[in-house]
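**Student:** Sequence:
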Amino acid sequence: MSPVAYPGENAPVLDGLAEVLRPAIALYLDLHRHPELSGEERRTAAALGEWLRTAGYEVTAGVGGHGVVGVLHNGDGPRVLIRAELDALPLTERTGLPYASDGPAAHACGHDLHVTAAAGAASLLARAREHWRGTAVIVGQPAEETLTGARAMLEDGLYERFGRPDAVLAQHTAPLPGGMVAHGYGPMLAGSVGFEAVIHGRAGHAGTPHLAVDPVLTAAAAVLRLQGAVSRESAPTEQVALNVGSFHSGTGSNLVPDLATLGITVRALSERALDRMTASVERIVRAECAASGCPRDPDITVVSRSPVTHPDPAATAAVRRAHTELYGPERVAVWPPAMATEDFPLYGDAGAAVHGMTGIPLSYWMFGVVGPKTWARTPGSAEDKLAAQPPNHSPEFAPDVRTALPTGITALASAALSWLGNRGGRAGAGSSAATGTALR
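In numbering that gives the first Met the number 0, the protein residues as written are 0 to 439.
These aren't lab readings, by the way, just hints derived from the structure by calculation. Being a predicted model, the structure only gives us computed values, none of them experimental. We treat Cβ as the ideally placed atom computed from N, Cα and C, and that holds for glycine. Don't take each hint at face value.
What the hints assert, rightly or not - Here are the in silico distance ranges between beta carbons for each label pair: (1) Asn253 / Ala25: 55 to 65 Å; (2) His247 / Ala278: 21 to 31 Å; (3) Ala289 / Arg93: 39 to 49 Å; (4) Pro22 / Lys372: 35 to 45 Å; (5) Gly185 / Asn253: 32 to 42 Å; (6) Ala352 / Ala278: 32 to 42 Å; (7) Gly244 / Gly185: 33 to 43 Å; (8) Arg201 / Gly95: 46 to 56 Å; (9) Asp274 / Ala17: 49 to 59 Å; (10) Ala278 / Gly244: 43 to 53 Å; (11) Gly61 / Ala234: 15 to 25 Å.
Unchecked claim - Straight-line C-alpha distance at most 20 Å; calculated DMTMM-like pairs for lysine to aspartate or glutamate: (12) Lys384 / Asp399; (13) Lys384 / Asp348; (14) Lys384 / Glu395.
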């Protein structure tokens, strides 16, 4: 891969990419081959920690589980936190890649690429300390897929132990052409609530169903009725989704079981709609149980919750300016609201109840992972090409590392430099002096 001459004042930092990229690709291939599920990210955390330690960061492991934190102090100035997720998904990879994982887990959401991009950006900053000032904090977060890792790290004193950040940055893979980034305005990702609903029946024989109370029938009625919560209780202009992703009951066809368990998720682009849908789920499941004469009320447990991802407008504008200067306006797109979800908002005001702080701006963007040949041979319009790519969480999800990783690294580094500025004392692009808006 030939060196690229980067434009703008950040060029002295970004020009180090040529030396960083080869070992970064090796790190990515290793992480991709060895995915670890949520809560089991020991090897991944150790690999990131070793990379950061070699780059000159002070590394602390075991934060909120397998979380790892690297800190690089470089004089007085802002503190910028870069977050990447460590965990993989419980599915079998079907990409056919020579470096594919072969076990019951796979990096089908791109977290291996996120970790590698954060590691590469950390190295760029460490290699060019004379061109910026402040503190860089790199966070490898466990258990994002279960929406528990951010809370665990924050409850373990992330901000108290490593300092209150002036900005928190994160990015995510997307089915865009490699080399592109995309920013969102307003709500970018949905908030979600996950439930487990246990419906209690009365066990019996299949030949005497009148002597039993069938939880399968009750649960099936609840599944059908829940769909009406979206179509009849939400405005057509609202973006709301409800999914019953699991239904477990019984052990044999000649038995009426005594339990049925539903796994339910609701998603919405506003906290108000999310709260309303949460109440609807509980009301409908309880009502169906009452209508069926269940011997006891259902057990409904909220097993996960994530806030709406709403990046800070001023922070988004600052990072978008940095990316536009770096890549050109034709490679910086606008990302529409999506129904995927994240626990990243907890690092900002949405997590104030956890970390006790407010006014921490978040910036979050997408970066493309589709190789140029794949994009070119996919027929149709740009929308058709986007829809044809294997999505995140697909067993066929396969980023083109040679085009995606350079962008992932430089996107994070240039975004961080929007706050860290330079040693000459001029405010960074994300500071109040440059934007006219206080970011902290």
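**Student:** Now tell me if each hint is right for this structure.
**Tutor:** Hints, verified against the model:
With their beta carbons about 57 Å apart, Asn253 and Ala25 fall inside the hinted range of 55 to 65 Å. About 25 Å separates the C-beta atoms of His247 and Ala278, a value consistent with the hinted range of 21 to 31 Å. Separated by about 44 Å at the C-beta atoms, Ala289 and Arg93 satisfy the suggested range of 39 to 49 Å. One distance hint, 35 to 45 Å for the beta-carbon pair Pro22 and Lys372, is violated here, with the actual separation near 25 Å.
Against the hinted window of 32 to 42 Å, the Cβ-Cβ separation of Gly185 and Asn253 comes to about 54 Å, which falls outside the hint. Evaluation of the 32 to 42 Å hint for Ala352 and Ala278 yields a failure: the beta carbon distance comes to about 20 Å. Distance hint check: the CB atoms of Gly244 and Gly185 are about 27 Å apart, inconsistent with the given range 33 to 43 Å. The hinted window of 46 to 56 Å between Arg201 and Gly95 holds, with their beta carbons roughly 50 Å apart.
Between Asp274 and Ala17 the Cβ separation comes to about 50 Å, which falls inside the hinted range of 49 to 59 Å. For Ala278 and Gly244, the Cβ-Cβ distance of about 20 Å falls outside the hinted range of 43 to 53 Å, so the restraint is violated. Checked against the given bound of 15 to 25 Å, the beta carbons of Gly61 and Ala234, roughly 46 Å apart, lie outside it. Under the criterion of a C-alpha separation no larger than 20 Å, the hint pairing Lys384 with Asp399 is consistent with the structure, at around 15 Å.
Between the alpha carbons of Lys384 and Asp348 the distance comes to roughly 36 Å, so the proposed pair goes past 20 Å and is violated. As the CA atoms of Lys384 and Glu395 are separated by approximately 16 Å, the hinted pair is consistent with the 20 Å bound.
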